[in-house]
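Q: All chains, full assembly: derive it from the sequences and hints.
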Amino acid sequence: MNFWFILAQVLGVITIAFEFTSYQIKDKSKYFLTTGIGSFFWLTMFFCMGMATGMDTQVSLMVAATYSTIRNLVFWRIFAKNTPQSKELGINFLLVMVGVALVAGTLAIINSPEQVRWLHTLGMIAALSFVIGQYLPGVHYVRVTVTLYALVVILTQTPLNILYGDFRWNIMGIAIELAKISSVAVFYLRFSKNPKQPQLQFAKP
Amino acid sequence: MYKIISDGGCDFTKEEVQKHNVDIVPFYVMLENDTYLREGVDITKEAYYKRLKEDKSLFPKTAQPSPQDYIDIYTPYLKAGRDILSLTISSKLSGTYNSATLAADMLKDEFPDRTIVVVDSLNCAVGQGLILKEIVKMRDNGYSITKTAELAKKVIETVRIYFSLDSLEYLKKGGRVGPTTALVGGILGLRPILHIVDGTVDQLDSVRGKDRVLNLIEEGVVDALKDDVQDINLSIGHILREDDAVKFKASLEASLGIQIANPVVEVGVTIGTHAGPGALAIAYCKKYETLEK
Chain Z
1 MNFWFILAQV
11 LGVITIAFEF
21 TSYQIKDKSK
31 YFLTTGIGSF
41 FWLTMFFCMG
51 MATGMDTQVS
61 LMVAATYSTI
71 RNLVFWRIFA
81 KNTPQSKELG
91 INFLLVMVGV
101 ALVAGTLAII
111 NSPEQVRWLH
121 TLGMIAALSF
131 VIGQYLPGVH
141 YVRVTVTLYA
151 LVVILTQTPL
161 NILYGDFRWN
171 IMGIAIELAK
181 ISSVAVFYLR
191 FSKNPKQPQL
201 QFAKP
Chain X
1 MYKIISDGGC
11 DFTKEEVQKH
21 NVDIVPFYVM
31 LENDTYLREG
41 VDITKEAYYK
51 RLKEDKSLFP
61 KTAQPSPQDY
71 IDIYTPYLKA
81 GRDILSLTIS
91 SKLSGTYNSA
101 TLAADMLKDE
111 FPDRTIVVVD
121 SLNCAVGQGL
131 ILKEIVKMRD
141 NGYSITKTAE
151 LAKKVIETVR
161 IYFSLDSLEY
171 LKKGGRVGPT
181 TALVGGILGL
191 RPILHIVDGT
201 VDQLDSVRGK
211 DRVLNLIEEG
221 VVDALKDDVQ
231 DINLSIGHIL
241 REDDAVKFKA
251 SLEASLGIQI
261 ANPVVEVGVT
271 IGTHAGPGAL
281 AIAYCKKYET
291 LEK
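Protein sequences appear in the order of chains Z and X.
Residues 1 to 205 (the numbering used here) are what the first sequence spells out, left to right.
Residues 1 to 293 (the numbering used here) are what the second sequence spells out, left to right.
Honestly, the hints are just simulated from the structure, not real lab data.
The C-beta atom is built at its ideal place from N, Cα and C for all residues, glycine as well.
Some hints here could point you the wrong way.
Mimicking DSSO-like on lysine-lysine, the simulated pairs with C-alpha atoms at most 30 angstroms apart in a straight line are [to be verified]:
| no. | chain 1 | residue 1 | chain 2 | residue 2 |
| --- | --- | --- | --- | --- |
| 1 | Z | 196 | X | 226 |
| 2 | Z | 87 | X | 226 |
| 3 | Z | 204 | X | 210 |
| 4 | Z | 204 | X | 287 |
Pairwise CB distance ranges (calculated) [unchecked claim]:
| no. | chain 1 | residue 1 | chain 2 | residue 2 | range |
| --- | --- | --- | --- | --- | --- |
| 5 | Z | 80 | X | 42 | 58 to 64 angstroms |
| 6 | X | 47 | Z | 103 | 32 to 38 angstroms |
| 7 | X | 59 | Z | 77 | 29 to 35 angstroms |
| 8 | X | 30 | Z | 102 | 44 to 50 angstroms |
| 9 | Z | 77 | X | 292 | 44 to 50 angstroms |
| 10 | X | 255 | Z | 144 | 51 to 57 angstroms |
| 11 | Z | 86 | X | 54 | 31 to 37 angstroms |
| 12 | Z | 30 | X | 257 | 33 to 39 angstroms |
| 13 | Z | 203 | X | 42 | 46 to 52 angstroms |
A: Structure follows, in structure tokens:
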């Protein structure tokens, strides 16, 4: 078997580990760092797949992974600093990210075959919700929106999606998204078993 | 017996001022026409906030009491042979502590036998009010001015104060958040929760939903206080939100199983100008008796 293909699978497993871990973390800054590292391995996975099977089909995925990596790591620094200035920078960055996702999503919808336009429209809505959900306060918005996003991405990795004109299942892609969904499920299972913690942590006198 | 004096940051009602026998040095506020008005003397807090709510373009200036204001209020007590314990709003939020300290220094030569102790509350609003109440209790229980100041500093270390703001609008006007943060936060309905850390205002979190935020604050307070609720003193303040504040107090009393002795009060202009109408504040601290050991 091709070395690059095997390496891509290893990187995929590492991505799964980071993505799974990230949704167990409540602290925003640590979450963004962990998912950012996961996104970086995701990017390298696509690169290795490109080396194994040809870059043509991987370029758009590498662009998407680069977008995720940069977004997560910038948000990591913004939440770690947590100053009015960093928050202002963060919100401006978020708006740029939403704008980029909107343009890229619209182009993807326009260029997709008519039969699957609904799927790509759903994809864009889910991606936008996720980008905003990641930034919103609390632990719930990000987990609800990532579940929606992962479900839609899974659909695009199945024979439902005929974007590239073939009907292959992308097993590793599905596994990565399933890792996110299962991590959210585990998080809520842990959450329900623990004694209820208040969302706002006030200091003792 | 020494005299207790505080600036207007303590949010004492007129009744509390009389009952606890303290003097208040008011802050100044300038609404328009370049005329400074004394808070609680020339303009009531309620009138001030209504004006602020009605005129969205208005962002008033506030000013601290001057050293001369302190000299004017200290002098008669010093002449009467009394020492003074002066509590001020956090020195990191206002220059009031400087004014009070300068006045004390200036009066030292004239009254060499008298003592003026200026205590920096490192707090404001109902948080400062709680410290003042502990100081009053110590005075009434016969503690010396030195012992009171020493214990007051221990109380100050235990004070926690949280503000729920109705919007980001006034923080934007005061330059505490950027315009995009305020715009997006407004669209998303985010309500910031502020607290005071080491004397300065910091943002703890933001929450969506006007009613939800009160529930979350109540949960947070109950969690923080449940283990030693009998050892704490607690106070609630608001800005043009009395009904919600009263309901919140009743709900908190039920959750904690205690009666909160302090009345619900209107937050003063220094903090209120930056927090804006609709804000709600809660503060708590340890009673001084628990810190004596």
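Q: Are the hints correct? Go through all of them and say.
A: Cross-check of the supplied hints:
no. : hint                              : in the structure
1   : 196/Z / 226/X                     : holds (14 angstroms)
2   : 87/Z / 226/X                      : violated (33 angstroms)
3   : 204/Z / 210/X                     : holds (25 angstroms)
4   : 204/Z / 287/X                     : holds (13 angstroms)
5   : 80/Z / 42/X: 58 to 64 angstroms   : violated (46 angstroms)
6   : 47/X / 103/Z: 32 to 38 angstroms  : violated (51 angstroms)
7   : 59/X / 77/Z: 29 to 35 angstroms   : holds (32 angstroms)
8   : 30/X / 102/Z: 44 to 50 angstroms  : holds (45 angstroms)
9   : 77/Z / 292/X: 44 to 50 angstroms  : holds (46 angstroms)
10  : 255/X / 144/Z: 51 to 57 angstroms : violated (28 angstroms)
11  : 86/Z / 54/X: 31 to 37 angstroms   : holds (34 angstroms)
12  : 30/Z / 257/X: 33 to 39 angstroms  : holds (36 angstroms)
13  : 203/Z / 42/X: 46 to 52 angstroms  : violated (37 angstroms)
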